[in-house]
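Q: With the first letter of the sequence shown counted as 1, position 90 gets the number 90 in the numbering used here; the numbers rise by one all the way through.
The set of hints was computed from the structure by calculation and includes no laboratory data.
No residue lacks a Cβ here, since even glycine has one placed at the ideal position from N, Cα and C.
There's no promise every hint is true.
Below, in silico cross-link-like pairs of lysine to aspartate or glutamate (DMTMM-like), each with a Cα-Cα straight-line distance of 20 Å or less [unchecked claim]: (1) Lys120 <-> Glu200; (2) Lys193 <-> Glu172; (3) Lys122 <-> Glu192; (4) Lys220 <-> Glu200; (5) Lys43 <-> Glu200; (6) Lys220 <-> Glu192; (7) Lys238 <-> Glu302; (8) Lys401 <-> Glu387; (9) Lys219 <-> Asp127.
Label pairs and their computed distance ranges (CB to CB) [what the hints assert, rightly or not]: (10) Glu27 <-> Arg73: 21 to 27 Å; (11) Phe335 <-> Lys122: 46 to 52 Å; (12) Ser233 <-> Tyr71: 32 to 38 Å; (13) Arg73 <-> Arg195: 28 to 34 Å; (14) Thr399 <-> Ile69: 22 to 28 Å; (15) Arg363 <-> Asn393: 15 to 21 Å; (16) Lys196 <-> Asn415: 33 to 39 Å.
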Amino acid sequence: MTEVNRKIHVVGINSYLFSDLPPKLQELFLKTRNIAVPNSYFKEIKSWSENDLERKKSFFSSNSNNELIDYLRSQRADVILISRGDPLWFGIGRILLENFSKDELSFYPSNTCIQLAFSKLKIPWQDTVYISIHGRDSTKLIEALRARPSSLAIITDSNIKSLEIIKKNLSELNLIDFYDFWLCEEIGFDNEKIRKLNLEESLPSDISSLNIIVLTKTKKNYFNNNLPLFGISDNFFKTFDDRPNLLTKREVRVQILADLELPKNGVIWDIGAGCGSIGLEALKLRPNLDLFCIDKRIGSKELILENSKRLGVEPKFIFEEDINNILNTRNLSSFKKPNRLVIGGCDKKTKLHIINTMGQSMRIGDIIVIPIIDIQTVEELKVGLEEKNFKTNLNLIQTYKSLSIAEGMRLQPNNPVFLLKGKQ
């Protein structure tokens with residue numbers, strides 16, 4: 001194998017000014033004849049040759065494709081390849097490493113566009129999730145949005161269609177009001193522009209092809225006067241920051257509330273309440289109910305209280321405690337017995353314990369609803385209810401959500417949930 005002595009110097013920039021290069025890179029540019037530059041800013045970089053009075057430059061206009069690779073392979077003298085930001089961060093670096101040995105390559109990164117954008121926005125970015133949909137579909141974008149990070153940076157494609165897809169995905173996942181949408185154009189360059197867009201309106205027509213999107217969690221006041229009567233959006237509820245999806249999804253919650261056949265008056269227990277979404281929406285529908293929320297996770301009481309304020313309702317009691325401890329050590333005669341009981345968020349043994357303990361005191365017309373994700377436990381819980389004289393009914397809830405991708409639309413399945421209902 002022939003030893004290659006020439007070097008490919010991959011220089012990241014975030015300014016079109018030669019004077020903004022570090023002195024060592026200015027010197028490297030002056031002494032290197034062969035320069036490869038992306039088409040989108042070829043003219044600006046070619047103007048740097050005016051600084052070089054000693055040698056004539058040979059410029060190659062690049063599309064970052066196989067033609068570029070062939071050009072680089074054909075060179076016997078050193079080459080500078082101009083890139084943006086950090087070439088090894090969603091840049092040309094990966095492709096170069098697949099085609100050339102590490103000994104042939106030298107990388108000189110500048111600040112990434114994401115780093116610069118957050119500095120302009122004056123927002124810490126150490127916990128930011130970042131993805132690229134440049135030349136890729138939006139699968140990873142959808143996964144990231146589902147996790148609802150506090151901030152998300154998106155490297156877009158060079159056309160407005162990718163922005164439309166981001167906008168559609170936010171709408172489809174009910175996240176339009178969850179994030180502020182920052183359009184950052186030509187960050188670090190003379191025509192730099194940052195603007196916060198209102199996604200209820202059409203996208204601007206004058207968007208630069210060099211853009212990225214930054215999504216930051218919005219700070220907003222929640223008002224319950226604009227809420228629907230039934231089926232509140234998941235994003236209305238505050239959840240655990242590290243487990244944003246730990247709540248009963250709207251589609252399943254709606255069916256649980258329907259199965260509960262909520263009375264005007266009575267007592268409802270929400271066991272494994274999480275952020276309180278089921279019990280609190282039940283209370284919104286039937287304000288005269290007494291709601292008992294029970295969840296053992298530390299911080300669950302604070303979440304339920306916050307969501308109570310957002311909905312304008314008030315639970316009777318909130319217990320941040322293991323239900324087993326309540327059933328085994330407390331005097332249950334001092335508690336109001338439930339007419340409606342939701343059992344979620346605990347293992348099979350605990351569910352059976354709740355059925356055996358609470359079911360025996362429930363009267364004709366009282367209802368227990370149990371959401372289940374593990375099919376192996378369904379039959380045993382069904383038998384447990386029937387032994388306490390509950391008539392049972394089992395439904396499988398499987399829903400799909402349409403999500404926009406570059407090629408059009410696809411259906412994204414939600415996790416299937418069994419709903420086991422027992423009625424005295």
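Q: Tell me if the straight-line CA distance from Lys122 to Glu192 falls inside 20 Å.
A: Satisfied, since the Cα-Cα distance of roughly 16 Å is no more than 20 Å.
Q: Please check whether Thr399 and Ile69 have a Cβ separation lying inside 22 to 28 Å.
A: For Thr399 and Ile69 the Cβ distance comes to about 46 Å; the hint is violated.
Q: Within a Cα-Cα threshold of 20 Å, do Lys193 and Glu172 meet the stated pairing?
A: Violated, at roughly 28 Å.
Q: Is the hinted pair Lys120 and Glu200 satisfied, with a Cα-Cα distance of at most 20 Å?
A: Violated, at roughly 25 Å.
Q: Just tell me: holds or violated, for the beta carbon distance of Arg73 and Arg195 against 28 to 34 Å?
A: Given a distance of about 42 Å, which is not inside 28 to 34 Å, the answer is violated.
Q: At the C-beta level, are Ser233 and Tyr71 separated by a distance inside 32 to 38 Å?
A: violated, 52 Å
Q: So does Lys196 sit 33 to 39 Å from Asn415, Cβ to Cβ?
A: holds, 34 Å
Q: Does the hinted range 15 to 21 Å hold for Arg363 and Asn393 at CB?
A: holds, 19 Å
Q: Verify the proposed pairing of Lys238 with Glu302, using a straight-line Cα cut of 20 Å.
A: Holds: Lys238 and Glu302 sit about 10 Å apart, inside 20 Å.
Q: If you draw a straight line from the CA of Lys220 to the CA of Glu192, is it 20 Å or shorter?
A: violated, 28 Å
Q: Taking only the CA atoms, is the gap from Lys219 to Asp127 under or equal to 20 Å?
A: OK: Lys219 and Asp127 at ~17 Å, within 20 Å.
Q: Quick one: are Phe335 and Lys122 within 46 to 52 Å, going by C-beta?
A: holds, 51 Å
Hint violations for this structure: numbers 1, 2, 5, 6, 8, 12, 13, 14, all remaining hints satisfied.
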